[in-house]
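Number of protein chains: 2
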Amino acid sequence: MTNNGEKVRVKVDIFGQDYTVIGDKSSDHILKVSQEVDNLMKKIHQNNTHMPQVKIAVLAALNLADELTKTREDYKWLLDIIEDEKKSNKVSE
Amino acid sequence: MTNNGEKVRVKVDIFGQDYTVIGDKSSDHILKVSQEVDNLMKKIHQNNTHMPQVKIAVLAALNLADELTKTREDYKWLLDIIEDEKKSNKVSE
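Chain order of the listed sequences is R and D.
The first sequence begins at 1 in the working numbering and counts up by one.
The second sequence begins at 1 in the working numbering and counts up by one.
Fair warning: there could be bad hints in the mix.
Repeated chains share a single entry, so a pair holds when one copy, or any two copies, can fit it.
[Said to hold, decoys possible] Listed next, the in silico DSSO-like pairs over lysine-lysine satisfying Cα-Cα at most 27 Å (straight line):
hint	residue 1	residue 2
1	Lys25	Lys11
2	Lys90	Lys43
3	Lys11	Lys70
4	Lys32	Lys70
5	Lys25	Lys76
6	Lys43	Lys87
7	Lys7	Lys55
8	Lys55	Lys32
9	Lys70	Lys86
10	Lys7	Lys43
11	Lys42	Lys70
12	Lys90	Lys55
13	Lys32	Lys11
14	Lys70	Lys7
15	Lys32	Lys7
16	Lys25	Lys7
17	Lys90	Lys70
18	Lys43	Lys32
19	Lys55	Lys76
20	Lys11	Lys43
21	Lys32	Lys76
22	Lys86	Lys7
23	Lys87	Lys55
Worth flagging that the hints you see were computed from the coordinates, not collected in a lab.
All values reported here derive from a predicted model rather than from experimental measurement.
From just these sequences and the hints, can you work out the full model?
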């Protein structure tokens, strides 16, 4: 996914505003990530049509941070399974 | 982490604004997630002192979506290792 260490600049539209995102990943990755934020903000707006844009963006960030915490916990859980498996294999050898 | 199906309401401060976050997780979890967003927005602000608040929040959301994509890929990678391990154990049985 990296781009040989070079920075990539991608113009994206998030909730009707243009942003230039600079990253070290592929433009496809940047577009995918931007689209996730755009979709989430549109979804929040649909359910709260009078909500100011800054609040919509903060709520999107909160949703993503919540999902990130959950995914980190799931990752840690799988890692523990693999570690336990390794230990029990060592014992049975 | 769940709260017996009851909704929890927690008042949090994110980048100087009060938000009432309603969720089905513990108040500790909501506070931790809110703090992650608050810290990230403050960090972005430190590096871009003239950036409007809405842009800071969108950039925070983009950072979190990027991290989430990466963590989901890492999770999928571990899951594949476990699946491969299971298959090879079946073959060797």
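Could you work out which of the previously given hints the structure breaks and list their numbers from low to high?
2, 6, 12, 17, 19, 22, 23
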